[in-house]
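Got chain D; can you put chain H on it based on the hints?
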Amino acid sequence: MAVTATLTSTERQIGIAISAGLAVLGLAMAAVAKTGPMALHGGMALVLGLALVFHLGGALYDQPEPSARRQAEYYDAPTRFGIVMTLIWAVTAMGVGVWLAALMYWPEATPPVPATSFGRMRPVHTSGIIFGFGGNALIATSFYVVQRTSRARLADAVSPWFVLIGFNLFCVWAATGYLMGQTQSKEYAEPEWYADLWLVVVWVTYFALYIRTLARRAEPHIYVANWYYMSFILVVAMLHIVNNLALPVTWGAGESYTIWTGVQDAMIQWWYGHNAVAFFLTTGFLGMLYYFLPVRAQRPIWSYRLSILSFWGIVFFYMWAGSHHLHYTALPYWVQTLGMTFSVMLLVPSWASAGNAIATLNGAWHKVRDDAVLRFMFVAAVFYGLSTFEGSFLAIRPVNSLSHYTDWTVGHVHSGTLGWVAMIVFGAIYSLVPKLWGRADMAWPRAVEWHFWLAITGTLIYVVSLWNAGITQGLMWRAYDEGGALSFSFIESVEAMLPYYAARTLGGALFLTGAVLCALNCRATMRAAGDRVDEADRPLVPQPAE
Amino acid sequence: MLKLHYNLEKLSMGLVGAIIVVASVGGIIEIAPLFTIEETVEIPDDMRPHTPLELAGREIYIREGCYACHSQMVRSLADELDRYGPYSLAAESAWDHPMLWGSKRTGPDLARVGGKYSDDWHVAHLIDPRSVIPVSIMPAYPWLTRDLDTGLIEDKLTTLARLGVPYDDAMIENALADARAQSQPDSDGTEGVRDRYGDDIAVRAFDGDPLRLTEMDALVAYLQSLGTLTDAAQEMLTEDVP
Chain D
1250 MAVTATLTST ERQIGIAISA GLAVLGLAMA AVAKTGPMAL HGGMALVLGL
1300 ALVFHLGGAL YDQPEPSARR QAEYYDAPTR FGIVMTLIWA VTAMGVGVWL
1350 AALMYWPEAT PPVPATSFGR MRPVHTSGII FGFGGNALIA TSFYVVQRTS
1400 RARLADAVSP WFVLIGFNLF CVWAATGYLM GQTQSKEYAE PEWYADLWLV
1450 VVWVTYFALY IRTLARRAEP HIYVANWYYM SFILVVAMLH IVNNLALPVT
1500 WGAGESYTIW TGVQDAMIQW WYGHNAVAFF LTTGFLGMLY YFLPVRAQRP
1550 IWSYRLSILS FWGIVFFYMW AGSHHLHYTA LPYWVQTLGM TFSVMLLVPS
1600 WASAGNAIAT LNGAWHKVRD DAVLRFMFVA AVFYGLSTFE GSFLAIRPVN
1650 SLSHYTDWTV GHVHSGTLGW VAMIVFGAIY SLVPKLWGRA DMAWPRAVEW
1700 HFWLAITGTL IYVVSLWNAG ITQGLMWRAY DEGGALSFSF IESVEAMLPY
1750 YAARTLGGAL FLTGAVLCAL NCRATMRAAG DRVDEADRPL VPQPAE
Chain H
160 MLKLHYNLEK LSMGLVGAII VVASVGGIIE IAPLFTIEET VEIPDDMRPH
210 TPLELAGREI YIREGCYACH SQMVRSLADE LDRYGPYSLA AESAWDHPML
260 WGSKRTGPDL ARVGGKYSDD WHVAHLIDPR SVIPVSIMPA YPWLTRDLDT
310 GLIEDKLTTL ARLGVPYDDA MIENALADAR AQSQPDSDGT EGVRDRYGDD
360 IAVRAFDGDP LRLTEMDALV AYLQSLGTLT DAAQEMLTED VP
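Heads up: the sequence lines are chains D and H, in that order.
Taking this note's numbering, the leading residue of the first sequence gets 1250, the next gets one more, and so forth.
Taking this note's numbering, the leading residue of the second sequence gets 160, the next gets one more, and so forth.
Pulled out of the complex, with its shape left as it was, chain D reads as follows (with noise of 0.2 Å):
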């Protein structure tokens, strides 16, 4: 059924206003800035927005009104464009990490096109993988899950396509950004200013539209899942607008100065992002989990109080951790110490969530063996748990004198991003597409075994070769010989971690095999789309008209 279908006439024309609202955005971004990245972006607004004007525009007398049975059903085509998205970023971002694996190995590689640069490139990948795959992953099952757990329909059926269309907008203005030189060179916050104020308005439209679900739930309770879904959402703004603030150079540059300076910078900077990673990477997926292992495993969350502990622990712990980044820099002794405290503390609150997720398998230890689904949703708790060890090790002081600045960060972080919140992805992803697309089973079951193993050996060669690589760098740096001076100059550090450089492009090569396959495991299953309909998955009562 084309999704046009699945809105009203008045849905319709709603959206063509709003997509005439971005063209001409679109327009006067282009106008004002006349040259440079800005105008290519209002140039993309414009055609976005013109294009979703005629598709709107040819269904609003020749496509059928929805039945009004609708009322009495989810509504899933937003979550289905979103994990087609999900899918294409993460093939796209890590196809970029693997070319840049390996480039550090073979810099000459490197066509000598400004765009095609290591450092323009990074910052794809990284906001690929973290807003692209993750940013969709999350705002596409927090749609599926917001639903279910509250047993009603999204509140209406325009913002979640805002939502979904505006927040990938985003993120092409991002990407494409980078390429041309365009950067405010805070990590994991690079998109310049007319960016960051268009994803608050798509944010603010999110958490409307999440508020309003939750408000005609037909329970009494907010399910566990919501909880980590909600700080997601509300902490990501907070983070998102205090570190993003900045005068533009003029108004039709594309260019600007964050209002932040030096060391308050810094600590602003990695206040941000320290809690990117525990909001955006952490909670939101922490409620995929809470919903997805759960439910897949057939077993009730094995314990509510500690559920409760830990997501307060979580959201209370994580604010404080980010100068934990900043040891022994001109930041104030006490704010490093603080960070520090805060970030070993901050392992009871994960270790409980990510216990209370593998306890939550008792009894079902059987379906583990013999499903690879819910095997990945397990080894992502697990890497949940060693990650947020490995961070709360890493965080105090004299460990991260040896650690910081080193590759055994980046193994970290990707201990992280592969081992827990890909996995827990991909989970939700297999869970999801045959029953989004009303198949019993994905396309190919045998692929979800195979994507397992080569997602799992990719990650731990990724993992352990840059343990190596780190330790060896920190090791090399600090080294004395007999006569009191350095015993390494830089470069032969640098050429000590080539070996390493290459192993990890093997095994990110190998994860990223895993995602292809998981992609076209997909889109075979989408193709073959059946009509089964899972009769007790509707709302509990009709919902009004919206």
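Treat the hints with care, since some could be wrong.
Claimed, not checked - Facing chain H, according to a computed beta carbon distance under 7 Å, are these residues of chain D, among others:
#1 L1463
#2 D1514
#3 A1515
#4 W1726
Unchecked claim - Using C-beta positions, here's what the derived DEER-type ranges look like:
#5 R1554/D to R289/H: 58 to 66 Å
#6 E1741/D to W280/H: 13 to 21 Å
#7 P325/H to R1772/D: 53 to 61 Å
#8 F194/H to A1321/D: 51 to 59 Å
It is worth saying that the hints were derived from the structure and are not from the lab.
All figures in this text were calculated on a predicted structure; none of them were measured in a lab.
We treat Cβ as the ideally placed atom computed from N, Cα and C, and that holds for glycine.
The following block gives chain H in isolation, referenced to the frame of chain D:
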């Protein structure tokens, strides 16, 4: 406690409010004092802002993502002092919007790189890193020899002045002239740029060609300025040693 939470779970805006309050505490306690405690950042008397040419070089440094592999923050650890020089002071980046402390050292720290290598070395290294360091894994930047775009240079100084960087009206008015003069050692404008930014600034044809103002001029001027905006870090280290 559990009873309280039992009720809170039924109230979506209650949860929203609680999340915002609980999540705000850490940031407020750690960040707010940094703006009020005077000793956080003491600006030394000899501190100068970047010249327009160095600022343009800084933007190229940002554009090419150099900060992804090079830090500019020498930590207060013995081996870093021996390898790079005096540890970085907060004051040294007090006028940096944004700071470029970095988070990874795929290549070495650059906070004290100014004056460490010749201009020729930097030019050769940026065009082809492996011509000077055979095992280097740094990407080559052959396109930096193109002309520098100075279209927004005055607006940039104006914006930074608004944010508190001490660029005065004369500096803003002469931004373009100063950028050119700093890379043309024999031109008339060199006296002006020295008047405004101090006699210690480097006035040289950084890329070897005084006739063209290139991105290379800007980036090398910036790299050569790193660690030279104030002597406070050097002085602090010599004071420490009795």
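Hint by hint, where does the structure go against what was stated? Just the numbers, ascending.
Structure breaks no hint.
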